[in-house]
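These are the residues of each chain, in order.
2 protein chains.
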Amino acid sequence: MKPLGPIPVGYAAIDSELAIAGRKVSNLVAEAGDTPLFVYSRALLEQRVADLRRAMPARLALHYAVKANPYGPLLEVMAGLVDGFDIASGGELAMVRAAGIDPARVSFAGPGKRDRELEAAITAGVTLNLESEGEAERALAIAGQLGVTPRLAIRVNPSFDLKGSGMKMGGGAKPFGVDADRVPALARRLIASGADWRGFHIFAGSQALDAGAIADTQAQALALAADLAAQSGAPLPHCNLGGGLGIPYFPGDEPVDLALVGQRLADEFARLPDALAETQFCIELGRYLVGEAGVYLTRIVDRKDSHGETYLVTDGGLHHQLAASGNFGTVVRRNYPVAIATRFGAPVEEEASVVGCLCTPLDRLADKAGFPRAEVGDLVAVFCAGAYGASASPAQFLGQGPALEMLV
Amino acid sequence: MKPLGPIPVGYAAIDSELAIAGRKVSNLVAEAGDTPLFVYSRALLEQRVADLRRAMPARLALHYAVKANPYGPLLEVMAGLVDGFDIASGGELAMVRAAGIDPARVSFAGPGKRDRELEAAITAGVTLNLESEGEAERALAIAGQLGVTPRLAIRVNPSFDLKGSGMKMGGGAKPFGVDADRVPALARRLIASGADWRGFHIFAGSQALDAGAIADTQAQALALAADLAAQSGAPLPHCNLGGGLGIPYFPGDEPVDLALVGQRLADEFARLPDALAETQFCIELGRYLVGEAGVYLTRIVDRKDSHGETYLVTDGGLHHQLAASGNFGTVVRRNYPVAIATRFGAPVEEEASVVGCLCTPLDRLADKAGFPRAEVGDLVAVFCAGAYGASASPAQFLGQGPALEMLV
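Chains as they are written, first to last, in our numbering: chain L, 23 to 430; chain F, 23 to 430.
Because the hints were derived from the structure by calculation, they are not lab data. Incorrect hints may appear among the rest.
Since the list gives no way to pick one copy over another, a pair counts as held whenever it fits inside one copy or between any two copies.
As the list claims (entries may be wrong) - Cut-off 20 Å, straight-line C-alpha distance, at most; resulting in silico cross-link-like pairs (SDA-like, lysine to any residue):
#1 Lys190 / Gly330
#2 Lys190 / Thr332
#3 Lys390 / Asp201
#4 Lys185 / Leu384
#5 Lys190 / Val354
#6 Lys24 / Ala195
#7 Lys185 / Asp279
#8 Lys190 / Val353
#9 Lys390 / Asp400
#10 Lys46 / Asp400
#11 Lys190 / His329
#12 Lys24 / Val370
#13 Lys390 / Leu26
#14 Lys390 / Ala195
#15 Lys24 / Gly194
With these hints in hand, go ahead and build the complete structure from the sequences.
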């Protein structure tokens with residue numbers, strides 16, 4: 023029997039059934055009208071931000087990386103919780119605007135910005151995190167044509183990475199940002215152009231659980247920012263220290279020690295060089311803010327045996343949960359936290375695999391794990407579904423289409 | 023420098039530019055109006071089917087597996103080329119109907135069919151490839167309620183797999199089909215119910231390049247069909263021998279020796295047992311029919327250097343080409359066939375990586391490969407994009423949205 027990942031805190035049973043925001047999942051499915059269904063908990067979003075505010079220095083602003091989950095009602099909740107938003111495309115710009123978010127709170131990073139995306143962002147007053155000298159020249163030219171003063175920052179490709187991170191965004195040749203040694207020259211060029219100089223975006227990695235490694239990386243980012251600011255010949259208005267805080271997905275994963283990260287960052291802030299005395303600092307979090315606040319619910323449509331193994335076949339699958347199926351950025355497949363939602367907390371009675379409805383052996387949501395005995399009609403919950411689920415999966419695969427989503 | 027996969031036959035240059043169906047790609051992009059763009063070649067679809075018809079015994083019918091590419095105009099072309107269609111969902115049923123395909127030519131396989139999908143398929147007269155005893159009982163009950171005689175076949179989980187296949191669909195415990203030893207009892211049950219008995223669907227694997235292994239598997243499927251038919255106590259009207267024929271994606275891959283597969287199958291057909299004398303046989307192909315007929319075109323929006331490495335940043339990426347990025351069912355990332363389409367056939371001048379516009383290190387279309395020097399504005403072609411591209415990728419990721427598609 024293979025272990026399952028740890029179920030996040032904040033989920034309980036009512037009448038032996040998983041409840042979210044105090045409501046049984048069967049009632050949520052009835053209200054939504056169908057499965058599969060993503061449910062996002064407003065209370066858990068609020069709780070997570072409150073925990074961060076408590077642990078982090080007051081000086082640190084919180085930004086939400088929209089790419090983690092662009093669901094409209096969730097963006098509207100986040101608008102009241104965080105200080106800024108980071109987008110990755112013109113499509114995401116349209117989403118934050120539709121959610122009523124002021125573009126002045128928004129920054130735009132991404133290595134392949136098209137001219138029309140630059141134009142839309144500059145017009146709206148979004149801060150561009152420039153990824154290359156070439157992109158900088160395109161942005162300046164477009165702003166000139168528009169007669170608008172662009173808000174420009176530089177995304178830095180740092181020489182360090184985030185140790186233990188699931189995705190490394192620094193430490194060597196990368197398609198992201200400008201190599202640190204070329205940043206001062208570009209900064210001087212932007213400042214001289216008369217642009218509204220916004221500063222640096224330093225992103226070294228994501229999905230790390232080791233608080234010490236995260237704190238080390240933040241300290242390195244601060245030192246790099248001080249060095250680059252000194253070489254740029256102007257005060258540094260703003261510095262995005264990146265993200266990096268991960269969530270536990272797999273057996274044995276432990277949550278980030280937030281208090282340690284906050285204390286280490288407070289220590290760093292207490293001894294900033296003069297060049298950074300007035301700088302606004304932020305961290306940009308996606309998965310950490312929303313990942314554990316979401317649950318994917320899918321219904322068992324068949325229960326079958328093959329050569330002595332039990333399969334629970336659901337109406338969901340990798341078309342909504344690509345990462346949970348082990349097919350997105352992972353080398354060795356491990357089980358996410360998965361439970362029989364309509365028998366939540368019941369003792370393990372059998373070994374079974376939860377598979378999706380797609381006609382491919384890749385479509386597996388839980389492999390040979392222990393569950394209470396489940397029948398056709400039971401609901402399965404995949405946890406940690408709040409980030410990189412609905413929007414990061416091939417929804418149209420095999421003609422399935424997207425899942426429903428709701429926020430409670 | 024890492025090698026690139028082999029460019030399929032049928033693509034040539036006009037004025038040093040890739041041409042599809044005799045038209046330069048820059049003209050195709052201009053007609054479509056934007057990049058990224060999938061282009062599918064009608065001539066290459068027709069050529070592939072003609073090659074198959076020539077190599078295979080006349081008795082063998084050809085089915086198209088819609089999941090490989092459900093683009094409407096492509097389905098309409100396939101409707102005139104193949105004998106039948108296999109679908110994997112109610113959504114695909116709607117697509118084949120929209121393409122004007124007679125449901126009597128359609129069969130439906132998939133492990134998680136919902137009641138409403140069974141109902142739609144039975145009503146339309148589609149053949150159901152039943153995946154379990156439970157699904158069989160649901161189908162019979164629904165047909166009874168509808169007052170319709172259902173067309174029923176059994177998907178068999180064979181005890182053998184297809185050696186060397188990219189996806190194994192048999193040989194042990196599987197979520198697909200009914201274990202072979204339980205098939206005769208279920209077949210007798212279906213026949214006794216008064217259903218329109220259609221026979222067996224035996225699918226052992228996909229994406230194999232070894233003609234001998236494919237022929238061995240087809241021989242095993244025929245032997246299994248004969249054995250199961252004898253135990254079922256009724257003539258076998260139809261037998262789907264599965265697919266398995268792969269296409270070359272990676273350096274060193276060689277095309278399937280179609281003549282060998284055809285000759286071996288003809289030999290098998292010449293000595294069929296009496297129980298299979300009247301059986302209609304088909305093979306069900308997806309990727310093999312359409313994969314090499316499609317090209318994904320994306321434009322370079324930035325050319326940048328990081329620590330001495332060159333990145334060509336495009337407006338496309340894994341949101342349209344998940345498999346080409348190495349993130350779908352592959353353990354070790356290798357390069358697909360990729361070329362600078364607007365400098366097609368030009369000599370290699372530099373090593374570069376082609377990356378997508380997404381803000382993730384996973385988004386890489388070609389890694390450290392040799393290309394002619396390319397500039398911003400050049401078009402990149404990713405070949406073998408006709409199957410499992412547009413519909414098998416997370417199009418909404420990072421707010422990007424789907425690519426354009428056209429058939430020429």
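Each hint tested on the structure:
no.: 1; hint: Lys190 / Gly330; result: between (41 Å within a copy, 18 Å between copies)
no.: 2; hint: Lys190 / Thr332; result: between (38 Å within a copy, 18 Å between copies)
no.: 3; hint: Lys390 / Asp201; result: between (45 Å within a copy, 19 Å between copies)
no.: 4; hint: Lys185 / Leu384; result: between (30 Å within a copy, 18 Å between copies)
no.: 5; hint: Lys190 / Val354; result: both (18 Å within a copy, 18 Å between copies)
no.: 6; hint: Lys24 / Ala195; result: between (38 Å within a copy, 16 Å between copies)
no.: 7; hint: Lys185 / Asp279; result: within (15 Å within a copy, 48 Å between copies)
no.: 8; hint: Lys190 / Val353; result: both (15 Å within a copy, 19 Å between copies)
no.: 9; hint: Lys390 / Asp400; result: within (18 Å within a copy, 48 Å between copies)
no.: 10; hint: Lys46 / Asp400; result: within (13 Å within a copy, 54 Å between copies)
no.: 11; hint: Lys190 / His329; result: between (41 Å within a copy, 16 Å between copies)
no.: 12; hint: Lys24 / Val370; result: within (12 Å within a copy, 49 Å between copies)
no.: 13; hint: Lys390 / Leu26; result: within (9 Å within a copy, 37 Å between copies)
no.: 14; hint: Lys390 / Ala195; result: between (40 Å within a copy, 12 Å between copies)
no.: 15; hint: Lys24 / Gly194; result: between (37 Å within a copy, 19 Å between copies)
In the structure shown, no violation is registered for any of the earlier numbered hints.
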